[in-house]
Amino acid sequence: MDTLTTPPSNDTPRGSLACVGMGMTLGSHLTPLARSHIEQADVVFAALSDGIVELWLQRMHPDVRSLQPYYAEGKSRMVTYRQWVELMMTEVRAGKKVCGVFYGHPGIFAWSPHKVIEVARAEGFAAHMEPGISAEDCLYADLGIDPGRLGCQHFEASQLLFYERRIDPTGYLILWQVGLVGDLSLKRFSTGPAYRQVLVDVLSQDYPLDHEVIIYRGVTLPIQKPRIHRIVLRDLPNATLTAEETVVLPPAAPLKLNLAMRERLMELDKAYSVA
Amino acid sequence: MSDTIELLNAIGQDATLRHASADELAPILEQAKASEALKSAVAAGDSSLLFEELGHKPNHAPQITNAPGHEEEEEEEEHHDGDHKPHHPSEPDHHKPHKQ
Numbered sequence: 001m002d003t004l005t006t007p008p009s010n011d012t013p014r015g016s017l018a019c020v021g022m023g024m025t026l027g028s029h030l031t032p033l034a035r036s037h038i039e040q041a042d043v044v045f046a047a048l049s050d051g052i053v054e055l056w057l058q059r060m061h062p063d064v065r066s067l068q069p070y071y072a073e074g075k076s077r078m079v080t081y082r083q084w085v086e087l088m089m090t091e092v093r094a095g096k097k098v099c100g101v102f103y104g105h106p107g108i109f110a111w112s113p114h115k116v117i118e119v120a121r122a123e124g125f126a127a128h129m130e131p132g133i134s135a136e137d138c139l140y141a142d143l144g145i146d147p148g149r150l151g152c153q154h155f156e157a158s159q160l161l162f163y164e165r166r167i168d169p170t171g172y173l174i175l176w177q178v179g180l181v182g183d184l185s186l187k188r189f190s191t192g193p194a195y196r197q198v199l200v201d202v203l204s205q206d207y208p209l210d211h212e213v214i215i216y217r218g219v220t221l222p223i224q225k226p227r228i229h230r231i232v233l234r235d236l237p238n239a240t241l242t243a244e245e246t247v248v249l250p251p252a253a254p255l256k257l258n259l260a261m262r263e264r265l266m267e268l269d270k271a272y273s274v275a
Numbered sequence: 001m002s003d004t005i006e007l008l009n010a011i012g013q014d015a016t017l018r019h020a021s022a023d024e025l026a027p028i029l030e031q032a033k034a035s036e037a038l039k040s041a042v043a044a045g046d047s048s049l050l051f052e053e054l055g056h057k058p059n060h061a062p063q064i065t066n067a068p069g070h071e072e073e074e075e076e077e078e079h080h081d082g083d084h085k086p087h088h089p090s091e092p093d094h095h096k097p098h099k100q
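Protein sequence lines, in the order shown, are assigned to chains A and B.
Quick note on the UniProt record's numbering: the first sequence kicks off at 1 and runs consecutively.
Quick note on the UniProt record's numbering: the second sequence kicks off at 1 and runs consecutively.
Because the hints were derived from the structure by calculation, they are not lab data.
Please note: incorrect hints may appear among the correct ones.
No farther apart than 20 Å at their CA atoms in a straight line, the calculated lysine to any residue pairs in the SDA-like style are these [as the list claims (entries may be wrong)]:
1) Lys115/A to Glu130/A
2) Lys57/B to Thr242/A
3) Lys39/B to Thr4/B
4) Lys225/A to Lys33/B
5) Lys225/A to Leu143/A
6) Lys39/B to Val219/A
7) Lys97/A to Phe125/A
8) Lys33/B to Ala43/B
9) Lys57/B to Arg65/A
10) Lys57/B to Pro62/A
11) Lys225/A to Asn9/B
12) Lys57/B to Phe125/A
13) Lys97/A to Pro131/A
14) Lys33/B to Glu53/B
15) Lys187/A to Ala43/B
16) Lys225/A to Ala26/B
17) Lys256/A to Gly151/A
18) Lys57/B to Glu245/A
19) Lys97/A to Gly151/A
20) Lys57/B to Val64/A
21) Lys256/A to Met266/A
Chain A extracted, bound-state conformation (with noise of 0.2 Å):
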């Protein structure tokens, strides 16, 4: 009988990559199987918007590396993204079963997760994303908005400015990072009143004035309020802002009947008799 060959080892761990959103709210958010992959993972990478929720994650795994360094003032902030890539890249090459971990969901407004599991499944590792509850999510809560009722655009701010992009105003609008719209350098982390009154002159193509506008931020601490400040569209260059706190402009103009659509419909109901 031939002798049987022993296969090769497989002993070689096969790094993998999970990204996993930590939740808004230190304490309330983040879910069980998002905590599972952070205590499971040899490494846990961490993008978060507060130190003190940061001290918290470090209770959850013994390595903890924050991601927070690489950003600087007056540096890319696109350099500073890929870097966040090949440093968790480099741990799932070297065989680590890697956890990042980002504040709110991992996948809304954040280049590097999309990105990072792109690049480890391009490459053959296991990735994939675990959903939070993000700062989107904690307004809907906080302000009592439902975007199913009259619908709701969401942009981050600055694509108003770089881009033609079509505002519909019998819908909420939602506009991101304002406190920092314009920055075509993605070098600096606020910009100012000059180019947020770029925004209004966009946003009052559509909308008054005199316009209620309101600047909202969700909590990251259990013992914070959320901030909820009311102000007219005229007085955005000068509200305090910064890229943590979002813009809402109700709608300004009730919807509009199709009525085109609605008799192409009563006609199918007719056809299906539905009517």
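For this one, chain A is given, so just place chain B on it according to the hints.
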């Protein structure tokens, strides 16, 4: 003195405590032997008072890039990096100033 992170975690996951007023939380924190910093932060409604105990680590939130031109830069890099060679990330810029 109780551990402040643990107390914040406990408040965050308790339906009564999470939405309790400062007045309602005060005796509970007293009983739990909360730190002076936590008690002050709750009483004043000012979480920055926790920095004295936990340190202040200003974190940046923006993670989106949206500027025309930078996408092309990315495309270009992808062409160069098509061989998927391992990269070695550079060190963080500890020397550069940070801004909240």
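Satisfaction of hint between Phe125/A and Lys97/A, Cα-Cα up to 20 Å: Roughly 10 Å separates the two Cα atoms, so the pair holds.
Are Lys97/A and Pro131/A close enough, with their CA atoms no more than 20 Å apart? With a Cα-Cα distance of about 18 Å, the restraint between Lys97/A and Pro131/A holds, given a limit of 20 Å.
Hey, Lys187/A versus Ala43/B, does the alpha-carbon distance stay inside 20 Å? 38 Å, violated
Distance restraint between Lys115/A and Glu130/A, which requires alpha-carbon spacing of 20 Å or less: This hinted pair holds, its Cα atoms lying about 15 Å apart.
Restraint status (C-alpha distance of Lys57/B to Phe125/A at most 20 Å): 33 Å, violated
Agreement of Lys256/A and Met266/A with the hint, judged by alpha carbon distance not exceeding 20 Å: 18 Å, holds
Keeping to a limit of 20 Å between CA atoms, is the pair of Lys57/B and Arg65/A held or broken? 14 Å, holds
CA of Lys256/A to CA of Gly151/A, is that 20 Å or under? With a Cα-Cα distance of about 13 Å, the restraint between Lys256/A and Gly151/A holds, given a limit of 20 Å.
Hinted pair, alpha-carbon criterion (20 Å max): Lys57/B, Pro62/A. Please report holds or violated. Judged against 20 Å, a Cα distance of about 19 Å means the pair holds.
Is Lys57/B within 20 Å of Val64/A, Cα to Cα? Holds, because 15 Å separates the two Cα atoms, which is no more than 20 Å.
Quickly compare the C-alpha distance for Lys225/A and Leu143/A to 20 Å and report which way the hint goes. Judged against 20 Å, a Cα distance of about 12 Å means the pair holds.
Holds or violated: Lys57/B and Glu245/A, Cα atoms, limit 20 Å. Roughly 19 Å between the alpha carbons, so the hint for Lys57/B and Glu245/A holds.
Taken one by one, the earlier hints fail for this structure at numbers 4, 12, 15, 19, listed in ascending order.
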